[in-house]
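Line by line, the protein sequences give chains A and B. Residue 427 in the numbering used here sits at position 427 of the first sequence, with consecutive numbering throughout. To convert, take the position in the second sequence, counting from 1, and add 1000; that gives the numbering used here.
Everything labelled a hint here was simulated from the structure, so no lab data went into it. Owing to the predicted nature of the structure, the values given are computational and were not obtained by experimental measurement. Possibly wrong hints are sitting among the right ones.
[Unchecked claim] Subject to a maximum C-alpha distance of 30 Å in a straight line, what follows is the list of computed DSSO-like cross-link-like pairs (lysine-lysine):
no. : chain 1 : residue 1 : chain 2 : residue 2
1   : A       : Lys26     : A       : Lys149
2   : A       : Lys239    : B       : Lys1056
3   : B       : Lys1039   : B       : Lys1024
4   : A       : Lys462    : B       : Lys1024
5   : A       : Lys345    : A       : Lys407
6   : A       : Lys306    : A       : Lys289
7   : A       : Lys530    : B       : Lys1024
8   : A       : Lys149    : A       : Lys116
9   : B       : Lys1056   : A       : Lys289
10  : A       : Lys239    : A       : Lys226
11  : A       : Lys124    : A       : Lys113
12  : B       : Lys1039   : A       : Lys150
13  : A       : Lys222    : A       : Lys116
14  : B       : Lys1056   : B       : Lys1024
15  : A       : Lys239    : A       : Lys150
16  : A       : Lys124    : A       : Lys4
17  : A       : Lys239    : A       : Lys23
18  : A       : Lys150    : A       : Lys167
19  : A       : Lys26     : A       : Lys407
20  : B       : Lys1024   : A       : Lys239
21  : A       : Lys239    : B       : Lys1039
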Amino acid sequence: MARKILRIDMAELSHAYEEVPAKWGKWAGRGLTSAIVAEEVEPTCHPLGPNNKLVIAPGWVSGTPAAPSSGRTSFGGKSPLTGGIKESNAGGLSSQKIAKLGLAAIILEGMPKGGKWYTLVVTKDGVSFESAADLMGKGLYEVDQILWKKYPNEPAVIGIGQVGEEKLSNAGISVNDPENKPGRYAGRGGLGAVMGARGVKAIIVDDSGGPGVEIADMDLFKTGRKKLTDAITSHDLTKPAGGLNSFGTNVLMNIINEAGGLPTRNFSAGQFEGAAQISGEMVAEMVEKRGAGMTGHGCHPGCIIKCSNIYPDENGEELVSCVEYETAWALGANCGIDDLDYVAKMTRECNDLGLDTIEAGNTVAIAMEGGALEFGDKVGALGLFDEIRQMTPLGRILGQGVEATAKAYGVHRIPTVKGQSMPAYEPRAIKGIGVTYATTPMGADHTAGYTIAPEIAGVGGKVDPLSDEGKAELSLTFQAATAFVDSSGYCLFIAFPILDIPEGWAGMAESVAGVTGMEITGDDVIPIGKEILKIEREFNARAGFTAQDDRPPEFMRYEELPPHNEVWTITDTVLDEVYSWTNGK
Amino acid sequence: MQVEVRVFATLRRYLPELGIGEAKVMEVAQGTTLDEIRKILGLPADEVKVIMVNHKQAFPEDPVEDGDRITYVPAVAGG
């Protein structure tokens, strides 16, 4: 049975199944969300108005038997934060269930009349529109519990918190994890507000009795799957008891700090004296000391890397999953906070309210720089989330993210590109990632082209992070490979082993070819990725973006960053070369 | 001369006496290389992916200097 598109019209409270048109037949995941958004969403529309859409798509291999670490769901639309195209993807339960219902994508469009709110229940029999009145104003921990009690078969819950209800620009979309906790976030770019603008508080996906995923060539799929699995389970980073499994992504905290690239106190230094206290090693130590929580947690069924964690509080109770590197950095080092318990408490606030932790941490840091509280004031920082929960005027500003908060406090040192704040790597100390931040169609985003692999970790080659040389080409290659992986349903972290192990790279492509029937080899990964990037860049060009939007923040050009005392030196000409092959400026 | 050495993540098992981020201060002879220090510390070559000296990338054959801050990095990535 061929994949279908499920189109849900919130104005009419109706739904329809459509054949996937030939022009979109090759796409899944990010490639499909971006292709649909580029064609169906007017680039100049207001992101919260009736002409934007939320597109949800599993990857090519999601829902297939035992494809390793393949539970990513792509969410796409026009971003309220950047004003450009957005794809943000998450783990959790949704990807495999949507795929097993035989769906290539769910398109959510229109706005309900009378300001009503709905829970959409998606099953093999169609969509039912149920009142969400009992869920309104509730945080996602409670919402997920209520919905699992109400609906059978432990469904996926795609939901928004209070911040999404209020349609603020830092609203993320949560997917529940295997224990039905919120926290697997399509966090970046405010897509939770786009979902809220459709009047949808939650989407239940129950794949019981669904047709499953059709596999065109099972032998090729199995061959590719084995090569990829072998690469993941043999690489030191991704194997059982390897770096990610033992310490999570927060294994990076101490390393980036040693490289002098850990943005500290709103990007004013590259090292934080309290890095060790909020590191992945400390998370593991707390889990052991408190005899609760865990490392090596899987965020979706079938993950063989298991880089997530469950962080316990001082009483040995589960506090939050998960304390990621980006999260610990944003709410820790970047705010001058060295207390992991407070970082975890703020992370739980973000998960509950429906906030992206990267933007939230940067926002707190901006409030600190603006004098609302001191850097390092962990109690005050945690209190800011109460402002958001109560939707005070200050809370509403904070919920809009970094740029709105910087304006409110008269701050000019603003670490954003295209309106979205930077993650946990300093562009003045790690130049390639700065090229990615500046040029990706997504706004400042490390996952869009993770040059950290060769610049810091020696994965996929070894490159000097402080050198400007070759960084445009490096970033583009990583951006293209990422666009492919983001379309596959595989977690981006499979990229680390397969950058070092060629058989794994080939295996990834072969597994996609086996499922789809498309003739894809490892050599096609970059060209296919570039096709997706071109679609996204051209959407942004039509939305009004120019070369001037591909620039790092001004202060990074004149303010030296210790300990290297470097400024941003890559020229605008070099930045403009990254996408000179497209028409999208 | 003296250097200070830090190890992180999966490499910490070879220097279990050190707290997270704590440095081991070592007395070494002039001309000692980063690879020689690695051997003294018992860090397996195949587990050291990157070496940093004073926050910059360095290589096994590089000789160390008095006061250097040295970090041996295992397989890491994420974000």
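Right, here's what the structure says about each hint:
no. : hint                  : in the structure
1   : A:Lys26 - A:Lys149    : violated (38 Å)
2   : A:Lys239 - B:Lys1056  : holds (28 Å)
3   : B:Lys1039 - B:Lys1024 : holds (14 Å)
4   : A:Lys462 - B:Lys1024  : holds (26 Å)
5   : A:Lys345 - A:Lys407   : holds (27 Å)
6   : A:Lys306 - A:Lys289   : holds (21 Å)
7   : A:Lys530 - B:Lys1024  : violated (47 Å)
8   : A:Lys149 - A:Lys116   : holds (23 Å)
9   : B:Lys1056 - A:Lys289  : violated (34 Å)
10  : A:Lys239 - A:Lys226   : holds (14 Å)
11  : A:Lys124 - A:Lys113   : holds (27 Å)
12  : B:Lys1039 - A:Lys150  : violated (60 Å)
13  : A:Lys222 - A:Lys116   : violated (47 Å)
14  : B:Lys1056 - B:Lys1024 : holds (19 Å)
15  : A:Lys239 - A:Lys150   : violated (38 Å)
16  : A:Lys124 - A:Lys4     : holds (12 Å)
17  : A:Lys239 - A:Lys23    : violated (38 Å)
18  : A:Lys150 - A:Lys167   : holds (26 Å)
19  : A:Lys26 - A:Lys407    : violated (43 Å)
20  : B:Lys1024 - A:Lys239  : holds (28 Å)
21  : A:Lys239 - B:Lys1039  : holds (25 Å)
Of the numbered hints given earlier, the model fails hints 1, 7, 9, 12, 13, 15, 17 and 19; all others are met.
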